[in-house]
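S.K.: One letter stands for each residue in the lines below.
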Amino acid sequence: MFRILSVILIVISFIWLLVFLSKQKISLNKIYDNYFLSFKNLFKEIKLLSSKDFPSKINWLKKFFYLATIFFFILMMLSAFINVIFIGDDLTGLLLLIHVTIAPLFSIFLAVTIILYAHSNSFNKNDISLDQKSLKINRSKLNSNGYLKLIFWLIVFFSLPTMISIILSMFPIFGTEGQEFLLNIHRYSTLIILLLFIFHIALVSSKSNKPVTVSK
Amino acid sequence: MITNKSSKYILTLLLFSVSFSYIISQEYKVGDKGDGSKFNHIHLLKLYDYNGNTIDPADPFAQPFSTRKTCATECHSYEKISKGFHFNFHDTTLESSTQTEPWIYTDPTTLSVIPLSYRKNKGSFSPDDVKLSPMDFLFRFGPYYAGGDISEEDSLQYPENYFRWMVSGKLEINCLLCHSKSPNYDRAEYAANIRKKNFKWAATASSKFAEFKGNASRMPDNYDPYNFTTIQSIDQRAPIVPNLKYKKTEFDSENKVYFNITKKIPNENCYYCHSTKIVSPNKSIRLENEEDVHIKAGLLCVDCHSNEIDHNMNKGRLTKGFNTASAKTCESCHIKNEEDNNQLTGKFGAPVPEHAGIPPVHFEKLACTVCHSGNLLSKETNFVKTSRNHFLGMHGTNKAPDVFPHIQTNILSESSSEKIEPRNLIWPSFWADNYENKISPLPVKFVEKTIRPMLGLDSLTNFGKWPSVSDSLVIFVLDSLKNFKIVKGIPVFVSGGKIFTVKNKRLKSANNPLELSYSWKKAHNVRPASQALGVNGCTDCHSLSSPFFNGNINIESSLISQSGITISKNEFQDNSKLYQSFFSFTFFFRPWLKFIIILSAFIIFIVFTGYIFQGFKSISHSVFINKSKKEN
Numbered sequence: 001m002f003r004i005l006s007v008i009l010i011v012i013s014f015i016w017l018l019v020f021l022s023k024q025k026i027s028l029n030k031i032y033d034n035y036f037l038s039f040k041n042l043f044k045e046i047k048l049l050s051s052k053d054f055p056s057k058i059n060w061l062k063k064f065f066y067l068a069t070i071f072f073f074i075l076m077m078l079s080a081f082i083n084v085i086f087i088g089d090d091l092t093g094l095l096l097l098i099h100v101t102i103a104p105l106f107s108i109f110l111a112v113t114i115i116l117y118a119h120s121n122s123f124n125k126n127d128i129s130l131d132q133k134s135l136k137i138n139r140s141k142l143n144s145n146g147y148l149k150l151i152f153w154l155i156v157f158f159s160l161p162t163m164i165s166i167i168l169s170m171f172p173i174f175g176t177e178g179q180e181f182l183l184n185i186h187r188y189s190t191l192i193i194l195l196l197f198i199f200h201i202a203l204v205s206s207k208s209n210k211p212v213t214v215s216k
Numbered sequence: 001m002i003t004n005k006s007s008k009y010i011l012t013l014l015l016f017s018v019s020f021s022y023i024i025s026q027e028y029k030v031g032d033k034g035d036g037s038k039f040n041h042i043h044l045l046k047l048y049d050y051n052g053n054t055i056d057p058a059d060p061f062a063q064p065f066s067t068r069k070t071c072a073t074e075c076h077s078y079e080k081i082s083k084g085f086h087f088n089f090h091d092t093t094l095e096s097s098t099q100t101e102p103w104i105y106t107d108p109t110t111l112s113v114i115p116l117s118y119r120k121n122k123g124s125f126s127p128d129d130v131k132l133s134p135m136d137f138l139f140r141f142g143p144y145y146a147g148g149d150i151s152e153e154d155s156l157q158y159p160e161n162y163f164r165w166m167v168s169g170k171l172e173i174n175c176l177l178c179h180s181k182s183p184n185y186d187r188a189e190y191a192a193n194i195r196k197k198n199f200k201w202a203a204t205a206s207s208k209f210a211e212f213k214g215n216a217s218r219m220p221d222n223y224d225p226y227n228f229t230t231i232q233s234i235d236q237r238a239p240i241v242p243n244l245k246y247k248k249t250e251f252d253s254e255n256k257v258y259f260n261i262t263k264k265i266p267n268e269n270c271y272y273c274h275s276t277k278i279v280s281p282n283k284s285i286r287l288e289n290e291e292d293v294h295i296k297a298g299l300l301c302v303d304c305h306s307n308e309i310d311h312n313m314n315k316g317r318l319t320k321g322f323n324t325a326s327a328k329t330c331e332s333c334h335i336k337n338e339e340d341n342n343q344l345t346g347k348f349g350a351p352v353p354e355h356a357g358i359p360p361v362h363f364e365k366l367a368c369t370v371c372h373s374g375n376l377l378s379k380e381t382n383f384v385k386t387s388r389n390h391f392l393g394m395h396g397t398n399k400a401p402d403v404f405p406h407i408q409t410n411i412l413s414e415s416s417s418e419k420i421e422p423r424n425l426i427w428p429s430f431w432a433d434n435y436e437n438k439i440s441p442l443p444v445k446f447v448e449k450t451i452r453p454m455l456g457l458d459s460l461t462n463f464g465k466w467p468s469v470s471d472s473l474v475i476f477v478l479d480s481l482k483n484f485k486i487v488k489g490i491p492v493f494v495s496g497g498k499i500f501t502v503k504n505k506r507l508k509s510a511n512n513p514l515e516l517s518y519s520w521k522k523a524h525n526v527r528p529a530s531q532a533l534g535v536n537g538c539t540d541c542h543s544l545s546s547p548f549f550n551g552n553i554n555i556e557s558s559l560i561s562q563s564g565i566t567i568s569k570n571e572f573q574d575n576s577k578l579y580q581s582f583f584s585f586t587f588f589f590r591p592w593l594k595f596i597i598i599l600s601a602f603i604i605f606i607v608f609t610g611y612i613f614q615g616f617k618s619i620s621h622s623v624f625i626n627k628s629k630k631e632n
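Protein chains in written order, with the working numbering: chain A, 1 to 216; chain B, 1 to 632.
Worth flagging that the hints you see were computed from the coordinates, not collected in a lab. Even for Gly, the Cβ is constructed at its ideal location relative to N, Cα and C. Misleading hints may appear alongside valid ones.
Said to hold, decoys possible - DEER-style ranges, computed between Cβ atoms: (1) B:Ala510 with A:Ile46: 31 to 37 Å; (2) A:Ile46 with B:Ile598: 28 to 34 Å; (3) A:Leu18 with B:Ser581: 51 to 57 Å; (4) A:Leu18 with B:Ser415: 54 to 60 Å; (5) B:Ser622 with A:Met1: 28 to 34 Å; (6) B:Asp471 with A:Thr101: 34 to 40 Å.
As the list claims (entries may be wrong) - Sample of chain A residues with no beta-carbon within 12 Å of chain B, all distances over it, derived: (7) Ile85; (8) Gly93; (9) Ile115; (10) Val204.
What the hints assert, rightly or not - Below 25 Å or equal to it, Euclidean Cα-Cα: the simulated SDA-like pairs (lysine to any residue) are: (11) B:Lys419 with A:Ile87; (12) B:Lys419 with A:Ile85; (13) B:Lys419 with A:His99; (14) A:Lys62 with B:Lys419; (15) B:Lys594 with A:Leu105; (16) B:Lys594 with A:Phe181; (17) B:Lys594 with A:Ile115; (18) A:Lys62 with A:Asn29; (19) B:Lys594 with A:Leu154; (20) B:Lys365 with A:Leu154; (21) B:Lys419 with A:Phe2; (22) B:Lys617 with A:Leu154; (23) B:Lys594 with A:Leu96; (24) B:Lys365 with A:Leu105; (25) B:Lys594 with A:Asn29.
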């Protein structure tokens, strides 16, 4: 079930991504190049860390953690989904080893990235306009920046069940059915994060045709 | 002269009678199906001999009673029962993919350890492959053979044994071996009589109804108890002449005897053939045999290993004709399985395991018995002695812990179902003929007659330690075998997972330890959850020092040059040792992993909830300001 669902959703979202990017006249290669170019530029600017300019330091750290988190995230996703999609088997063997080894690094980087970007991703009037009569969010007025922020907070939200479910399964609390339930929570919330990540990449790429940056 | 018309009549009559007798033989008899009463039926019966004559205890020439005639003439279908699991050895239509405990032909003087199985389980050889006739097979392994099949089927017999069968009689299915609950029923006496080839007397001799003395194996080929000429030719003073006397006190006025038998087979009856004794390889520690947790809970072996009148035993695994529920596997009592409509669990009071904290992948990769069965894992493998191959329970059995064959136990090995399960293992060793790339062991009698003198091994001096010989002696034997017509291809010697051949007067070997070992699944004794593997946490298995993945299995070879060779346990699990070591190593950091992820999740939670509240604050502030503005 999870295999079929994940294949369908990942294929659909990739097709959507390609269509979306082609409309924006952006190629996947360009995103790939921009990503590594951003990393390269970042290491060129490593001197900023020793400067006395605090905002520059923070800005450098923000970019570093953001790019590194993406790197770890991609590794996590590859190690998680290769077995599931292509072999139809549970995560075992070398891929499990890679997944488990990267997991703590990824969780630290994700937590730091969230701390660094939470403030800049808090909603403001420029992102959401309220319907005065019913107090409902008027979605038609949410701009791309608003969508990016929404995706950011959804990723933050879904990272919690992803992490908590897998950590709970490591303690002798839940039996076999509970373990399977926790594993499903981990799987499905990861799948949602993956889809959100694809949307995030699409929106970030369309927003800027320059090396990948994030909203400040 | 028989006309064409009359021959048609005769043929029709013949076909009719054959069909009728077949139908009759397949029919259920009065005792085959119960009426639902749980009452144990009293079996007060007349005894019949194999000719169908009623046995009179006063008759000085009374013959041993026949189970076929006594139990099956009116009440039970012998034909149906004889197709049951314990009596259908040569039925080649049955499954043979599952490796089960073989009958191990062991002879240290010829360096032979040959797993035999009439069912031709993968890796084993049929007794016919080594020209071991049913009579020879019974002489060696018959003490644990319940009768029927190879001991009754004429078509399976070797012509040279014809007269011996006439003397010994057929070994009918011995119902009492399993069903008797009489404290007087002596299975060791049954075994002793099989060894004397007193086949037709064995059931009677072991019962309480008669006293029997004699040794049919020592009788001449023309021995006939009814023929006074042959009897007189035997020295009557010798104790070996078969002499049967029924105990009159066991018979009532109608010459009936009381059979103390039951459908609920007592465990002790099963133990006669299915006992195991784990021994320590260093011989100094004798592990006590603990009983299975199911037995301690009050279950009988037959509660799980049950059968209908066809005696097709539940083997505790999924086999042809059984689904999970009816096969009575661990899962069928302990796990709810909706696929098999097994909605209820807890049969016989079976607890449903919680398996808290154990990732479900374990249940896909491991059989239940890995954690719950056998002795606790140790780095070195232990030997196990089994009734059938170490003749446990017989009079005069060698009680030494290292008596041959050496069966290594608790080898965690991947099975055909791709699950790791605990298995017993032997390293076959035999002289063979490699003809057209098929390795066939040489007939045991040929080996005994020809190779034994060449080897000149003394079984007494080598006792306890499997004998090993020099390469040059093996070269000599293999070279000599080329001169015998019985060897059609290249003579080879199989030992310690290798095939040895002579090339340019040197011993060459082909290494294939997994294919050349023979292992079979073991399920008992089951340990309770409190003693299961993993009860102390993941590191019971996933640690660098755990015997689950680490440690070696000793390869027992018959060559001095191959002594001390071991094989990694991982080889049997289709696992990379490097990978398992590294994976186990990561468990050292597992607490750190948990801590880091918990800390990260906590930070994310704090940030998320903090901004959520801030968001609510902003929304309410915005609504309040807007409303105030509107009212003004």
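S.K.: Now tell me, hint by hint, if it's right for this structure.
M.R.: Hint check results:
About 60 Å separates the C-beta atoms of alanine 510 of chain B and isoleucine 46 of chain A, a value inconsistent with the hinted range of 31 to 37 Å. Separation of isoleucine 46 of chain A from isoleucine 598 of chain B is about 31 Å and conforms to the stated range, judged on CB atoms against 28 to 34 Å. Roughly 43 Å separates the CB atoms of leucine 18 of chain A and serine 581 of chain B, a value that falls outside the hinted 51 to 57 Å. Range check, leucine 18 of chain A to serine 415 of chain B: Cβ separation about 46 Å, and the 54 to 60 Å hint is violated.
The hinted window of 28 to 34 Å between serine 622 of chain B and methionine 1 of chain A is violated, with their beta carbons roughly 43 Å apart. Judged by the Cβ atoms, the range 34 to 40 Å given for aspartate 471 of chain B and threonine 101 of chain A is violated: they are separated by roughly 48 Å. Against the 12 Å criterion, isoleucine 85 of chain A stays outside the reach of chain B, whose nearest CB is about 17 Å from its own CB. Annotated as non-interface, glycine 93 of chain A brings its C-beta within 12 Å of a C-beta of chain B; the closest such distance is 7 Å.
Distance to chain B contradicts isoleucine 115 of chain A as a non-interface residue, since its nearest Cβ pair spans about 6 Å, not more than 12 Å. Here valine 204 of chain A stays apart from chain B, with its beta-carbon at least about 20 Å from theirs, past the 12 Å limit. A C-alpha spacing of about 18 Å is found between lysine 419 of chain B and isoleucine 87 of chain A, which places the hinted pair at or below 25 Å, so the restraint holds. The suggested pairing of lysine 419 of chain B with isoleucine 85 of chain A holds, with an alpha-carbon distance near 22 Å, which does not exceed 25 Å.
Annotation: proposed proximity of lysine 419 of chain B to histidine 99 of chain A holds, straight-line Cα distance about 24 Å (limit 25 Å). Distance check on the hinted pair: lysine 62 of chain A and lysine 419 of chain B sit about 48 Å apart at the alpha-carbon level, beyond 25 Å; violated. Taking the CA atoms of lysine 594 of chain B and leucine 105 of chain A, the gap is near 12 Å; set against the 25 Å cutoff, the hint holds. A threshold of 25 Å between alpha carbons decides the hint, and for lysine 594 of chain B with phenylalanine 181 of chain A the separation of about 19 Å falls inside it, so the pair holds.
Distance restraint check for lysine 594 of chain B and isoleucine 115 of chain A: the Cα-Cα separation of roughly 20 Å lies within the 25 Å cut-off, and the hinted pair is therefore satisfied. Between lysine 62 of chain A and asparagine 29 of chain A the alpha-carbon distance is near 24 Å, which keeps this suggested pair within the 25 Å criterion. Under the criterion of a C-alpha separation no larger than 25 Å, the hint pairing lysine 594 of chain B with leucine 154 of chain A is consistent with the structure, at around 24 Å. Using a Cα cut-off of 25 Å, the hinted pair lysine 365 of chain B and leucine 154 of chain A is violated, with the two alpha carbons roughly 36 Å apart.
The suggested pairing of lysine 419 of chain B with phenylalanine 2 of chain A holds, with an alpha-carbon distance near 23 Å, which does not exceed 25 Å. Of the supplied pair hints, the one linking lysine 617 of chain B and leucine 154 of chain A holds, its CA atoms being roughly 19 Å apart against a limit of 25 Å. For a cut-off of 25 Å, the pair hint linking lysine 594 of chain B to leucine 96 of chain A stands: about 16 Å separates their Cα positions. For the hint linking lysine 365 of chain B to leucine 105 of chain A, the alpha-carbon distance of about 29 Å lies beyond 25 Å, and the restraint is violated.
This hinted pair does not check out: lysine 594 of chain B and asparagine 29 of chain A have alpha carbons roughly 37 Å apart, beyond 25 Å.
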